[in-house]
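Two chains, two frames, a set of hints: combine them into the complex.
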Amino acid sequence: MDFSIGEDRQMLVDSLSRYFADKADWKVREAAIASEAGFDRDVWNGMAELGVLGALFGEDAGGFGGSPFDIGVVFKEAGRALSTGPFLATLMAGKVLEAAGDADTLEGVISGEKILTFANDPAVSADGRPVDATTAAKSGDGWALTGQKGVVDYLGSADLIVVTAEMDGSTASFLVERGASGASTRDYPLIDGGSAGELTLSNTPAKLISDDAGAIDAAIAAGLVATSWEAVGVMEVLRDSTLDYLKTRKQFGIPIGKFQALQHRMATLALEIEQAWSAAINAAAYFDKDTATRDRYCSAAKFSIGQVGRLAAEEAIQMHGGIGMTWELPLSHYAKRMTMLGHVLGDDDLHLSRFIELSKAA
Amino acid sequence: MDLDFSPEDETFREEVRTFLNDKLPPRLANKVRTGQRLSKEDMEEWHAILHERGWLANHWPEEWGGTGWSVMQRFIFELETAIAHAPRVVPFGTSMLAPVLIKYGSEEQCRHYLPRILDGTDWWCQGYSEPGAGSDLASLKTQAVREGDHYIVNGQKTWTTLGQHADWIFCLVRTSNEGKRQEGISFLLIDMKTPGIEVRPIKLLDGDAEVNEVFFTDVKVPVENLVGEENKGWTYAKYLLTYERTNIAGVGASIAMFERLKEVANTTYRNGKPLSEDPLYAARLAKLEIDLENMKTTNLRVLDAAGAGHAPVAESSMLKIRGTEIRQEMNDLMRRAAGRYAQPFIDEALDEGYNGEPVGPEWAAPVAGQYFNNRKLSIFGGSNEVQREIITKAVLEL
Numbered sequence: 001m002d003f004s005i006g007e008d009r010q011m012l013v014d015s016l017s018r019y020f021a022d023k024a025d026w027k028v029r030e031a032a033i034a035s036e037a038g039f040d041r042d043v044w045n046g047m048a049e050l051g052v053l054g055a056l057f058g059e060d061a062g063g064f065g066g067s068p069f070d071i072g073v074v075f076k077e078a079g080r081a082l083s084t085g086p087f088l089a090t091l092m093a094g095k096v097l098e099a100a101g102d103a104d105t106l107e108g109v110i111s112g113e114k115i116l117t118f119a120n121d122p123a124v125s126a127d128g129r130p131v132d133a134t135t136a137a138k139s140g141d142g143w144a145l146t147g148q149k150g151v152v153d154y155l156g157s158a159d160l161i162v163v164t165a166e167m168d169g170s171t172a173s174f175l176v177e178r179g180a181s182g183a184s185t186r187d188y189p190l191i192d193g194g195s196a197g198e199l200t201l202s203n204t205p206a207k208l209i210s211d212d213a214g215a216i217d218a219a220i221a222a223g224l225v226a227t228s229w230e231a232v233g234v235m236e237v238l239r240d241s242t243l244d245y246l247k248t249r250k251q252f253g254i255p256i257g258k259f260q261a262l263q264h265r266m267a268t269l270a271l272e273i274e275q276a277w278s279a280a281i282n283a284a285a286y287f288d289k290d291t292a293t294r295d296r297y298c299s300a301a302k303f304s305i306g307q308v309g310r311l312a313a314e315e316a317i318q319m320h321g322g323i324g325m326t327w328e329l330p331l332s333h334y335a336k337r338m339t340m341l342g343h344v345l346g347d348d349d350l351h352l353s354r355f356i357e358l359s360k361a362a
Numbered sequence: 001m002d003l004d005f006s007p008e009d010e011t012f013r014e015e016v017r018t019f020l021n022d023k024l025p026p027r028l029a030n031k032v033r034t035g036q037r038l039s040k041e042d043m044e045e046w047h048a049i050l051h052e053r054g055w056l057a058n059h060w061p062e063e064w065g066g067t068g069w070s071v072m073q074r075f076i077f078e079l080e081t082a083i084a085h086a087p088r089v090v091p092f093g094t095s096m097l098a099p100v101l102i103k104y105g106s107e108e109q110c111r112h113y114l115p116r117i118l119d120g121t122d123w124w125c126q127g128y129s130e131p132g133a134g135s136d137l138a139s140l141k142t143q144a145v146r147e148g149d150h151y152i153v154n155g156q157k158t159w160t161t162l163g164q165h166a167d168w169i170f171c172l173v174r175t176s177n178e179g180k181r182q183e184g185i186s187f188l189l190i191d192m193k194t195p196g197i198e199v200r201p202i203k204l205l206d207g208d209a210e211v212n213e214v215f216f217t218d219v220k221v222p223v224e225n226l227v228g229e230e231n232k233g234w235t236y237a238k239y240l241l242t243y244e245r246t247n248i249a250g251v252g253a254s255i256a257m258f259e260r261l262k263e264v265a266n267t268t269y270r271n272g273k274p275l276s277e278d279p280l281y282a283a284r285l286a287k288l289e290i291d292l293e294n295m296k297t298t299n300l301r302v303l304d305a306a307g308a309g310h311a312p313v314a315e316s317s318m319l320k321i322r323g324t325e326i327r328q329e330m331n332d333l334m335r336r337a338a339g340r341y342a343q344p345f346i347d348e349a350l351d352e353g354y355n356g357e358p359v360g361p362e363w364a365a366p367v368a369g370q371y372f373n374n375r376k377l378s379i380f381g382g383s384n385e386v387q388r389e390i391i392t393k394a395v396l397e398l
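Sequences listed follow chains A and B, in order. full-length UniProt numbering numbers the first residue of the first sequence as 1 and each following residue consecutively. full-length UniProt numbering numbers the first residue of the second sequence as 1 and each following residue consecutively.
The set of hints was computed from the structure by calculation and includes no laboratory data. Do not rely on the hints blindly, as some may be mistaken.
With a straight-line Cα cutoff of 30 Å, these simulated DSBU-like cross-link-like pairs (lysine-lysine) come out [to be verified]:
1) B:Lys376 - A:Lys258
2) B:Lys220 - B:Lys232
3) B:Lys193 - B:Lys238
4) B:Lys103 - B:Lys220
5) B:Lys220 - B:Lys238
6) B:Lys180 - B:Lys238
7) A:Lys258 - A:Lys247
8) B:Lys238 - A:Lys258
9) A:Lys336 - B:Lys287
10) A:Lys27 - A:Lys138
11) B:Lys232 - B:Lys180
12) B:Lys180 - B:Lys103
13) B:Lys232 - A:Lys289
14) B:Lys393 - A:Lys250
15) B:Lys287 - A:Lys289
16) B:Lys262 - A:Lys360
17) B:Lys220 - B:Lys141
18) A:Lys336 - A:Lys250
19) B:Lys273 - A:Lys360
20) B:Lys296 - A:Lys360
21) B:Lys141 - A:Lys289
22) B:Lys262 - B:Lys287
23) B:Lys193 - B:Lys40
24) A:Lys247 - B:Lys238
25) A:Lys336 - A:Lys247
26) B:Lys141 - B:Lys393
27) A:Lys360 - B:Lys287
28) A:Lys138 - A:Lys207
29) B:Lys376 - B:Lys238
30) A:Lys247 - B:Lys180
31) B:Lys180 - A:Lys258
32) B:Lys376 - B:Lys193
33) B:Lys393 - A:Lys247
34) B:Lys23 - B:Lys296
35) B:Lys376 - B:Lys393
36) B:Lys376 - B:Lys141
37) B:Lys31 - A:Lys360
38) B:Lys393 - A:Lys258
39) B:Lys141 - B:Lys287
40) B:Lys287 - B:Lys40
Just chain B, with the same shape it has in the complex (with noise of 0.2 Å):
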């Protein structure tokens, strides 16, 4: 057994944080670093420089612009980008409808969406939750009915993320009320600016509107955008769970905020000395990075596991619970670290060019809304009792 990363993957490392050192615009490291809101411009900005290295789409196949790279290579570019506080790369169209696209759609349909993924001109959004269908996916109602050429689609979409940005959005629609429900579902493509769908935001706890509930009346698909078959659209929703789950975890992401709570509790004092002294304080802390410790070498296991051609069903659903158990502790870290200072809710502070005294220690503003925006994650992607289904499925075999 060994930990160390080859050769070659150190050499790859370096490639990766050179890249990173020349061409990830401080501005926004520091606004992701310090936890500032990201403008659509700054997302799309972030996508362009990876497009312009061919490293955006790097899990796809060579042919339509991917690179090639091994797992443990995606892993290492995840890992480092997130280090270096990198925007994420807004996931809907390059990593959940590609892989569909790829598999499953016509070479037509890639060869029109896919570069366009690429080049940044469709901004894509995700139509698979309703307000009747949660983790229940399956009872999702949206109908489509065929006309002559076209779908007719009804119904409504809900937590779609980012969709205010949207030009495309992919949805699961019902096409048969027939046999099983699973046997009645669509994979559909469809322009946001077909007439009769409306986007409305939803203010989140935190007082953001990331998400939205998008509301579809009579609007007309051509039969094109369908992907695949007809009635198979949840194979095709379904092979996602399965594509590209490896870094589900975010240990990248979790050992950058580590990094800064750290910092925080080296440095934010409580009865005369830091935080990072405070026995129970100091004790959560410990606990969370053995946790990450031991997170990340699970990690690498699957990874060591999927490269040698294991498909990580339940392991990719114990790096999802765990990964956000850890992202969530932290959050709640970073909050007790602010005392009272967790409270000023100053809208403005979290905007770009934001020129006002800090109320209280300067990284406070956000760690109240992060914590609250992040109750999210053991929400979202299939609930953490939904994996714990999986698993009870797929190892446990109960």
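Next comes chain A alone, as it looks inside the complex (with noise of 0.2 Å):
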């Protein structure tokens, strides 16, 4: 049993803590939130250089770690700093890139050159029910993608696009280039920060990547891990910053702090923290185990964070008082963030029915 990350992750930790902190300041993201790509490239590439997208992937692939700890550890300090960018999704495309075996395409990407997404969800139509799955037809020599995407993370900056689509009574996974004929995007800001977009593809020729749904499925579960710990970052940072706010901030003349009814409310989300810790932890630590077993930590930890992750938010903008509604103040970003990290990959109600479901197989 050993709970350290390891003295090369927490060399990895600490310089990219290091330069969040130097190179990517509260100004910088309000520059970034703020610009149509939701994200500064220029961070971005200097992560890259750093070795952060590198991380994510194994040697192989042209990567030099690739485990969930590994992973864990990257999104962890991304949640902590707020970071925007492409993160979850280049860390789900190219682990379906990865399994298949195509570290050329994965090159450019890791070195911050190329940008990569990942369109997995069908998109949603305005009466409330989710479009035809995506599908594939023979086209020559290759492949022709019909459909549309919705919600794809920083849609607008990507050069690449993983998309899954029906082929042959299974899911497959397809490698569909920026400006390809009949795929049009729309783009928008997201709440919480960064970008995404609606892909719609009509005859848009594609690359089959792979024909193994399987694989999807785990380039997904590495998405929980990293979710779950970039949550665990982010809830870190909202307790921290509430704790100081309830030392610091004065009202019928103590600090506010000294109101039994906060401490014990501050006691209890504390607690849930340290749960919430474990379950990511959990999630990163049965991940190569099989994959029932691997979906129900990811399922478990999702569902904890996500009831966690609200009550954090919740908390700490209720304890901030007014100051926790306003724009200005970092913390109610970090609130946002949290909130909709829930939405990310399923809520905490999707998991635990995935939870039963997984738990009546075992």
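This is the structure:
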């Protein structure tokens, strides 16, 4: 048993944390989220140079890490810094490419030269129903995709898109290039910072990456580990900032942290965050077991961070009072991010149901 | 990071399992599993079996009969014994008095009392709480006045668990009214056979009487029964708060109980299908399981830090709060599963050798009583609100 993250990972965490402090302070973030791309390309490239993107992938794919704990520590730091950028899309789309042995495509992504995103979920139309699944059809020597994908992260900046589509009754993955014929996009900013877009494909030429649906599941599982660790990073900041505020903000002549009503809520929050951290550790620790075990712990983690994350965000705002409602205070952006992370890759209800189903099979 | 036990710890776990397989009487395990009452003899039987193996006081220093186990080994032992449905070791002598004696008592006291705890000669009970001193323990009033070679003790203790079986009681008593309240408290060992002591059972809401009131009227206690120094008892009492609380979450007991709960949910039918397939019940069960899995890892993290020399004060409080909440939630799910059969109250059905027909599901008889009885979990050992106070001071520094 060992709960240290290891020397190499600690070095990565330290350099990433220093990098964010030096190159991506709050002003940089404000400018980034106000920009059309929703992230700072120079900051992103600098991270690539540091090897942060390489840490997400194994050596065969041109990286130098790739384990769930390598992924976890990167995302936890990104969470702490509230960094915007296509971290999750790069991870999940990259994992699909890695599983198919496509190191060539990944090389440009890991170096920061190319932006990669992941188009998996179907778009939802105005009547509240998801559109039909994207389909792949034979077209000459290659494939052509038709369909609509919804809320594709950083679509407007993407040079390459990994798209999932139905092929011969199962789900396969394809690579679509920026500006491919029949592809159109509608981009928009996100409430928690960053950008995304709706992707429409009409007979769009695509390269088959793999017909292995399991590789897509594995990529999503890695995304769940990443999201859980990122959430813990965000929560830690919410907790620590709120604690600071309780010690400094005075009302009725004393710091509000002297009021027991707030003390006990803070103690409960601290306890819950420890539980969420354990859940995130579990998701990484059981990742390489059988897929049912992997998915069960991933869902347990996503459920836990969904529940605790909401508590952390709401309590942080409430204990800050009016100032917690303002755009000016970084904390409010952490609270937004925390809440919206609950929506990424399925919310706590969805993952509780999935956990129940997976437990039945176990 | 790595959540697996080391190969050495796995070997140790096998050793514990083999021991339990060979030595834990199935009769006792069955009583624990089904929630029957344990008699004094039952508890003494298990105490003796552990003592024979040398594992009873596993956390004591080796010179006094301990094992030299690591915190992880102690955790594994607790985990495996609970999963095997072994009775809990009565903690008052082994886990509460002994550590205080070893740390603060005299060599003579250790030599006299510790072997008697091990071999079961003395059954100890705890005299801390009073009618006016619960969470605010320092307000205790039971008085010990020095007269020559004796203290004369007058007052009343309460919530004395299993005091009806006890030969001895360790008490916090007031020896001074000067200065701060905490500085006038002493730690005294009192023979329960001394004239002037009266034990009266307190019947609890589940109908059982496991706790007592203990009255002291001019009870003569030899001064050599004082532990450590006069007026330093508060320090000794507080020492217990940081001692051996890494297993306070009761993970083993919760895992054992969860297994039973799952069995019940799979075999109890509501609206034509097992409860485990009822979406609302299944959701409660799944939330509980996730919380328990998370807590197990939280507990292992605390053990890991404790092994590296970090005294887990606030962490123990977190484990106490969440551990008791989880157990109470399990009791709640058990009583829900019984439906109306939680209500029939046949007292004898909880005793060994009851041969009557079960009323309703065979597991249902104790579940409501256990639910009510375990409301105590969030009250005793420092209520969960007191634990939040500790977290507030220790980690949050508010």
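Against the 30 Å threshold, does the CA-CA distance of B:Lys296 and A:Lys360 hold or violate the hint?
21 Å, holds
For the pair supplied as a hint, A:Lys336 and B:Lys287, confirm whether the alpha-carbon distance does not exceed 30 Å.
Cα-Cα ~25 Å, so holds.
Can you confirm whether the C-alpha distance between B:Lys23 and B:Lys296 stays at or below 30 Å?
27 Å, holds
Mind checking the alpha carbons of B:Lys180 and A:Lys258 for me, to see if they're no more than 30 Å apart?
The hint holds at about 22 Å.
For the pair supplied as a hint, B:Lys232 and A:Lys289, is the alpha-carbon distance within the 30 Å limit?
Violated, at about 53 Å.
Pairwise hint evaluation, B:Lys238 against B:Lys220, where the allowed Cα distance is 30 Å at most:
26 Å, holds
Assess, step by step, whether the Cα of B:Lys287 is no farther than 30 Å from the Cα of A:Lys289, and give holds or violated.
22 Å, holds
Hinted pair, alpha-carbon criterion (30 Å max): B:Lys141, B:Lys393. Please report holds or violated.
26 Å, holds
Satisfaction of hint between A:Lys258 and B:Lys238, Cα-Cα up to 30 Å
Roughly 24 Å between the alpha carbons, so the hint for B:Lys238 and A:Lys258 holds.
What's the verdict on B:Lys376 and A:Lys258, does the C-alpha distance respect the 30 Å limit or exceed it?
Holds. B:Lys376 to A:Lys258 sits at ~28 Å (cutoff 30 Å).
So if I understand the rule, the pair passes when the alpha-carbon distance is 30 Å or less; does B:Lys103 with B:Lys220 pass?
26 Å, holds
With a cut-off of 30 Å on the C-alpha distance, tell me whether A:Lys336 and A:Lys247 pass.
23 Å, holds
When held up to the earlier numbered hints, the structure conflicts with 10, 13, 21, 39, 40 and fits the remainder.
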